[in-house]
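Based on the hints, put chains B and C in the right spot on chain A.
Below, each chain spelled out in residue letters.
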Amino acid sequence: MTDATLFTRVRRGEPHSSAEARLAQLWRGAEMLWASPAALTGVAIIAALVVVALLAPLLAPYGPYAQNLANQLQPPSAEHLLGTDEFGRDIFSRIIFGTRFTLYIVMLVALIAAPAGLLIGASSGYLGGWFDTLAMRITDIALAFPRLILALAFVTAFGPGLNNAILAIALTGWPPYVRIARAEALTIRRSDYIAAIELMGASRLRIILLHVVPLCLPSLFVRLTLDMAGVILIAAGLGFLGLGAQPPAAEWGVMLSSGKEYMLSAWWAATFPGLAIFFVCMGFNLLGDGLRDILDPRQES
Amino acid sequence: MTDAPLIDIENLRVTFRTRAGPHEALRGVSLRMGREKVGVVGESGSGKSLTGKALLGLVPSHAKVTADRLAFDGQDLMRMAPRALRRIRGRRIGLVMQDPKYCLNPVLSVGKQLCEAGLAGGIPTLAKARSSALETLRQVQINDPERVMRIYPHELSGGMAQRVMMAMMVVAEPDLLIADEPTSALDVTVQLEVLALLDRLIEARGMGLIFISHDLRLVSQFCDRVVVMYAGRVVETLRASELDRARHPYTRGLMECLPEIDHIPGTRLKVLERQESWLTE
Amino acid sequence: MIPYDEADPVIELREVSVRYGHHLAVEELSFRLRTGESLGLVGESGSGKSTILRAIAGMVGSEGSILHEGRALGTRRDRSFSRAVQMVFQDPYGSLHPRQTIERQLQEPLRILGLPDRRDRITSIMGRVGLPASFLYRFPHQISGGQRQRVAIARALLLEPQVLLLDEPTSALDVSVQAEVLNLLMELREEENLTYLFVSHDLAVVGTMCDRLLVMQHGRCVEELSAGQLRSGDVTTPYARQLLEASKGYRPAS
Numbered sequence: 001m002t003d004a005t006l007f008t009r010v011r012r013g014e015p016h017s018s019a020e021a022r023l024a025q026l027w028r029g030a031e032m033l034w035a036s037p038a039a040l041t042g043v044a045i046i047a048a049l050v051v052v053a054l055l056a057p058l059l060a061p062y063g064p065y066a067q068n069l070a071n072q073l074q075p076p077s078a079e080h081l082l083g084t085d086e087f088g089r090d091i092f093s094r095i096i097f098g099t100r101f102t103l104y105i106v107m108l109v110a111l112i113a114a115p116a117g118l119l120i121g122a123s124s125g126y127l128g129g130w131f132d133t134l135a136m137r138i139t140d141i142a143l144a145f146p147r148l149i150l151a152l153a154f155v156t157a158f159g160p161g162l163n164n165a166i167l168a169i170a171l172t173g174w175p176p177y178v179r180i181a182r183a184e185a186l187t188i189r190r191s192d193y194i195a196a197i198e199l200m201g202a203s204r205l206r207i208i209l210l211h212v213v214p215l216c217l218p219s220l221f222v223r224l225t226l227d228m229a230g231v232i233l234i235a236a237g238l239g240f241l242g243l244g245a246q247p248p249a250a251e252w253g254v255m256l257s258s259g260k261e262y263m264l265s266a267w268w269a270a271t272f273p274g275l276a277i278f279f280v281c282m283g284f285n286l287l288g289d290g291l292r293d294i295l296d297p298r299q300e301s
Numbered sequence: 001m002t003d004a005p006l007i008d009i010e011n012l013r014v015t016f017r018t019r020a021g022p023h024e025a026l027r028g029v030s031l032r033m034g035r036e037k038v039g040v041v042g043e044s045g046s047g048k049s050l051t052g053k054a055l056l057g058l059v060p061s062h063a064k065v066t067a068d069r070l071a072f073d074g075q076d077l078m079r080m081a082p083r084a085l086r087r088i089r090g091r092r093i094g095l096v097m098q099d100p101k102y103c104l105n106p107v108l109s110v111g112k113q114l115c116e117a118g119l120a121g122g123i124p125t126l127a128k129a130r131s132s133a134l135e136t137l138r139q140v141q142i143n144d145p146e147r148v149m150r151i152y153p154h155e156l157s158g159g160m161a162q163r164v165m166m167a168m169m170v171v172a173e174p175d176l177l178i179a180d181e182p183t184s185a186l187d188v189t190v191q192l193e194v195l196a197l198l199d200r201l202i203e204a205r206g207m208g209l210i211f212i213s214h215d216l217r218l219v220s221q222f223c224d225r226v227v228v229m230y231a232g233r234v235v236e237t238l239r240a241s242e243l244d245r246a247r248h249p250y251t252r253g254l255m256e257c258l259p260e261i262d263h264i265p266g267t268r269l270k271v272l273e274r275q276e277s278w279l280t281e
Numbered sequence: 001m002i003p004y005d006e007a008d009p010v011i012e013l014r015e016v017s018v019r020y021g022h023h024l025a026v027e028e029l030s031f032r033l034r035t036g037e038s039l040g041l042v043g044e045s046g047s048g049k050s051t052i053l054r055a056i057a058g059m060v061g062s063e064g065s066i067l068h069e070g071r072a073l074g075t076r077r078d079r080s081f082s083r084a085v086q087m088v089f090q091d092p093y094g095s096l097h098p099r100q101t102i103e104r105q106l107q108e109p110l111r112i113l114g115l116p117d118r119r120d121r122i123t124s125i126m127g128r129v130g131l132p133a134s135f136l137y138r139f140p141h142q143i144s145g146g147q148r149q150r151v152a153i154a155r156a157l158l159l160e161p162q163v164l165l166l167d168e169p170t171s172a173l174d175v176s177v178q179a180e181v182l183n184l185l186m187e188l189r190e191e192e193n194l195t196y197l198f199v200s201h202d203l204a205v206v207g208t209m210c211d212r213l214l215v216m217q218h219g220r221c222v223e224e225l226s227a228g229q230l231r232s233g234d235v236t237t238p239y240a241r242q243l244l245e246a247s248k249g250y251r252p253a254s
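Chains A, B and C, in that order, give the protein sequences. Those letters in the first sequence? Residues 1 to 301, by the working numbering. Those letters in the second sequence? Residues 1 to 281, by the working numbering. Those letters in the third sequence? Residues 1 to 254, by the working numbering.
Don't read these hints as lab results, they were simulated from the structure. It is possible that part of the hints are untrue.
Here are a few chain C residues that sit away from chain A, every Cβ distance over 10 Å (derived from the structure) [to be verified]: (1) S82; (2) R121; (3) E223.
Derived contacts from chain A toward chain C, CB cut-off under 7 Å, selection only [unchecked claim]: (4) P15; (5) S17; (6) S18; (7) A21; (8) G29; (9) E31; (10) S191; (11) Y193; (12) A196; (13) M200; (14) G201; (15) A202; (16) L205.
Remember, it's a predicted structure, so these values are computed and weren't measured experimentally. Glycine included, C-beta positions come from ideal geometry on N, C-alpha and C.
The following block holds chain A by itself, in its conformation from the complex (with noise of 0.2 Å):
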């Protein structure tokens, strides 16, 4: 069994195990996926973004922090790529260094509110009955709330700070997750394929976890995807707005908030930030685009 003979059987879907179905649908997902430009485009962002934040160090000419003050809000040069700020620091170097801050604030995001809103909506959906009636207006009372507002309460109340700002933005951004996953699952626990299982004896933990959240998961993917952007631009708020990651933090929020003062003499350095949160937070929109499109398997003819 040759590797070309392998490639082949992927390529066409005819696979001869387990492992090379799933590669099979990877390479199906990656073939939609380059026939799309713009979801292409969003990967391309998102990918772009971990490589930098991963090699920071590598890529930037100067450290985060490193102060020159004889070189204060110089324009962009072959020196300083895109200027320098009021403390003369290279401010590509932050930007670069800012994709951290980002790229942290979006996993630990999601890693909180999207597992708690899929197990809670997963099981309300299936379940139904009290438990269902009780998580839905808990949630429909946490939606009532404006996110911006609600996030800036908890983060008065928790004290400034990045980790508080990410916990605040978590604590506020729960509820669609729940609704998607709690709408999936009614419409699954219709399906003739969970009365089939439930006929075999499973359990209701069993069915919840291994049957109904991995047909919730996509639509969950998607939505998560589509407010990372949202995520970002709270974070930047808080950031801004002195609530989130502190001075002199590179992240772009502050890097906005300090650069604001120099808008007229020194444009760049609320410029650049600003560019940096537009085009990740479209790469995301792009990115969340392309999955709704990939993650159906029924539109395979």
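Below, chains B and C alone, put in the same frame as chain A:
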């Protein structure tokens, strides 16, 4: 009957682009018919529904449609402007679908939809559309048409909804009716009533009918001629009365694999043996 | 009415009713499913025939008593019931998990019941239902409707049940595929001594598959027929006669 045949299709081909390359769903279908009842029979994927859709110009836009000839009453549908095509579709060809639930607008009353269909089909005034709607409802044997005009589609039973659907299609007095599995979603007893109605409507109005179905026996009992399709191609065309003289093994196989009421339990049914050559010949 | 006979019933219904809100879907129905027989339930939509299967499987609540080998069943079905009674559903598109390979779906019943020797059991069951082993690694959307129904049958057979509840197993399939699946079901029944409770709207299909049938209307059994009575058209109630006439197809009025 006019000089030109009602429907004249020659070498109709529909090709879908897929990831695996082009897929030819119809591979040279030809059909000529006058004002008669023609049944188009085949299994899922045989292209029977697609043939009807191609006539109405309802093929998805990513598919490529070619034909040497695709004419309705002497007019070439392939070269017609979209506007003119829509007029023909609304006034002269009607379509009855399998599940009436999806074809009736749930938020409009039955009467409103019937009148609208009449107006779109060229009836000049609302009052006339209304009276012809009532008349048509009576023809499809709805006992209290005044009441049915006022109610909404969800209040209709399956058989009633299918009758309303047929009324809607004939209220504009089309010349041709395309019925795509019109009774498959109905119970057997209701199915026969609906078919009897359809038969009478066609008889009374002198329409042509294309009856698309998977049920060879039903089609042969109901239609004048039967067109048997397999994998995007017409394999055999027969007079319905001469079905037992079918020559193609596919037609014969389709007939023989049907369970019969007088079958002895436990004896095996005949199975259709598909041959590669049917795809190419 | 209770069709009475001496043989031990594997499943018995005693005055079972099923309510959906105010609607009575099944009304005080009683019958016995004898070991080894194939019993048909025929009726049109709304006759309650599928609801009966769901009540037996414990998917809908019911009044009255359902007995399995003489033991009354509670609201939840236990594992011994799962091993003895399995079900095949009407829609082969809806009864398989859309995101799992066939192999994974066939492993699931064995895992749930903690049964050993999965691998050869799964390959042999695939052979039994006439599918190549390479299909194990496909997803449901990559195979045809008839093949999916074979997978659903394989899944039900994995637990080596005595009774199969068949809910219109071929009505979503093309007629030629229907013949193949019906033949498969006949073969399996003979080889494994299975007992079938076969629900269908199609009198001819039930006539092919069953030794005995109950004609259902509005949640009640209106007539019990043997296969012989069905063949000779020896029916008494007007509804059964109407069904029998309808199953012969369309006859032009003139």
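Going down the list of hints, with the structure as the test:
{"no.": "1", "hint": "S82", "verdict": "violated, 4 Å"}
{"no.": "2", "hint": "R121", "verdict": "holds, 15 Å"}
{"no.": "3", "hint": "E223", "verdict": "holds, 30 Å"}
{"no.": "4", "hint": "P15", "verdict": "holds, 4 Å"}
{"no.": "5", "hint": "S17", "verdict": "holds, 6 Å"}
{"no.": "6", "hint": "S18", "verdict": "holds, 6 Å"}
{"no.": "7", "hint": "A21", "verdict": "holds, 4 Å"}
{"no.": "8", "hint": "G29", "verdict": "violated, 13 Å"}
{"no.": "9", "hint": "E31", "verdict": "violated, 15 Å"}
{"no.": "10", "hint": "S191", "verdict": "holds, 5 Å"}
{"no.": "11", "hint": "Y193", "verdict": "holds, 5 Å"}
{"no.": "12", "hint": "A196", "verdict": "holds, 6 Å"}
{"no.": "13", "hint": "M200", "verdict": "holds, 5 Å"}
{"no.": "14", "hint": "G201", "verdict": "holds, 4 Å"}
{"no.": "15", "hint": "A202", "verdict": "holds, 5 Å"}
{"no.": "16", "hint": "L205", "verdict": "violated, 12 Å"}
Checked against the numbered hints given earlier, this structure breaks hints 1, 8, 9 and 16; the rest are met.
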